[in-house]
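2 protein chains.
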Amino acid sequence: MLSLIRGTALAKVVAENATRLEDVENRVNLFVYDEIFEGKRLSETINQHHINSKYLPHVKLPENLVAFTDLVESAKYADIIVFAIPSKHITDFCKTLLGKIKPNALAVSLIKGFLPSESGIELISHAITKYLKVPCAVLIGVNLATEIVSNKFCEATLGCRDTKQTRILKELFKGPSLRVVVVDDADCVEICGLLKHIIAFGTGLLDGLECNENIKSALIRLGLLEMMHFTDIFFPGSKLATFFESSGLSDLITVCYGSRNRRIAEAFIRTDYTIEQLEGELLKGQKLLGPVVAKEVNNMLNNKGVEGKFPIFTMIHRICEYTSKPRELIQCIFDVPDDIILLGCSTPSLKNILDL
Amino acid sequence: MLSLIRGTALAKVVAENATRLEDVENRVNLFVYDEIFEGKRLSETINQHHINSKYLPHVKLPENLVAFTDLVESAKYADIIVFAIPSKHITDFCKTLLGKIKPNALAVSLIKGFLPSESGIELISHAITKYLKVPCAVLIGVNLATEIVSNKFCEATLGCRDTKQTRILKELFKGPSLRVVVVDDADCVEICGLLKHIIAFGTGLLDGLECNENIKSALIRLGLLEMMHFTDIFFPGSKLATFFESSGLSDLITVCYGSRNRRIAEAFIRTDYTIEQLEGELLKGQKLLGPVVAKEVNNMLNNKGVEGKFPIFTMIHRICEYTSKPRELIQCIFDVPDDIILLGCSTPSLKNILDL
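Protein sequences appear in the order of chains G and V.
According to the numbering used here, the first sequence is numbered sequentially starting from 1.
According to the numbering used here, the second sequence is numbered sequentially starting from 1.
The shape of chain G in the complex, shown without the other chains (with noise of 0.2 Å):
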């Protein structure tokens, strides 16, 4: 387990979990920064009362959960190896680890975002096998640290190509209100993860302009058909299915309805703010995913000549750049034409299911 916050709560559902199965080992490593927290070494304030204190401090983390600060040591003899950091830092944290940890071992990513490359979005799990040369499951859903930690309900879908490994992720990471459940479509799963930042952007943008709520759920319906389209085209021979997990559908309302992308959007409405100025406001500085994604996916278009089929994409990219007028959206909505389902499908296959 690599963690911050999220990497914390769900290192707690883990190691409650490894204590309860018996072809499990007991004890679950937890990497930390040597950082001084409140006068005290962070980890061990861990190891010794059993908190992380700076991260997660009114929670009681289990005993077999044992922080270190080495990254090498805290992952060596591991099994499944748990990225929970920034994505900027990944390809830093599989150099270390290359060639030092088991050469069969699973990673599985907990990780937010991607990494940009020259054809456009590099999966964080393609990423992860490419530099640490292991197979890599996502793990993705409705699940916010705290939401987690207080037993409040949760889903998290978890995309793992390798099928044999599907009980044992299930069984490591549900937790008492904690619904997992795990598909093989891990690409499906990581790249709805990132679409529906883009949907969430522009719903902010209509509650900004006070639109009534018919035009939000047009948006959020209709983002998810261009978030099927897209993954079709780019990531071919995902299911259709996997859009009606925690991951896909579930996933883009709780956005749509309430996230920093929601929230920013709405916000840069309403003021005089740049989106620049309120992530350096609101997120110090951190990039808001929306109009990160929503450029990438545009290049993406670009290159493949289908800008045209992705109405609503291109249209909350060009607002995200000032080229258009956030108003226009409600118009490019209005706008879509009747057969957007059948728009995009270069396939064969998404166009045969969804024109049955």
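Calculated from the structure, these hints are not laboratory results.
This one's a predicted model, so the numbers in the text were calculated from it and none came from an experiment.
List time: in silico DSS-like cross-link candidates among lysine-lysine, alpha-carbon distance up to 30 Å:
1) G/164 to V/309
2) G/170 to V/309
3) V/325 to V/295
4) G/309 to V/152
5) V/54 to V/100
Position chain V relative to chain G; hints supplied.
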């Protein structure tokens, strides 16, 4: 046009379109009950002042919209007859009109609800065809009368089996802010319009129980899957694509975030009233569609022996019948089997779609 408030709003749209369309008779007839409102005959107020003083007092109606108090007179020369009356009156209206209308007329139903029959739910469009001996299209979607007339963004899906009528129906019903898509899958459009009320009632229960948004989005997603499976079993031949029209996913999301089913279910939890008392108090005794549809659906599932494959429909029905506690819905959602996507798919078609 046979109509109350929603009918009057859509009659306005149709009448405005009729003046614009060359191949359409300019006059649109509106049947209203022969009643006195504020000291004047309602039909005369409409015809002299172009105001429906009872149902839409602040809206100027087009002059080519002509009120009739004689049902047969209003409909006898019509090529298209639009029904917007309470469902309980439909058989009487059809009996009055039978044999008195053009034999090749097309009916369009805007009616919410259904007719109970021996085999469960009888769709209104089926009943109109049965009693009036003409084909019947349906118009369902995210549109309230007040939003239509104030030019707020609205959507409608028009289900019409006869694809030769697609163009004219679209031209007649679309408005400056009313987006209309015509599909040939009329049964699916109509049954979705009923099943959504069960899920909306369920989300209201969750709101009353002060659950988080995660479980609400899980209920919408899993509810949509049960809607698909139900449609697949009881209305075979329906298309998956239709669930992605406004009448499907958008309408479902909209009623789950704001509708009287959601609101009264929430009030049922937060107060000491029974559902029946709330109907008496808040709906003047009118029956709420969520519990009524849930009951008929449950009968149909029972008769087919597939109740167990629809855990959410079944639980919401039991809560409405007071045989399960509202809180049980939470565990029910948590316990939905992983392979729900494949459950309940009796025909190979949908199973193949969803499990490519």
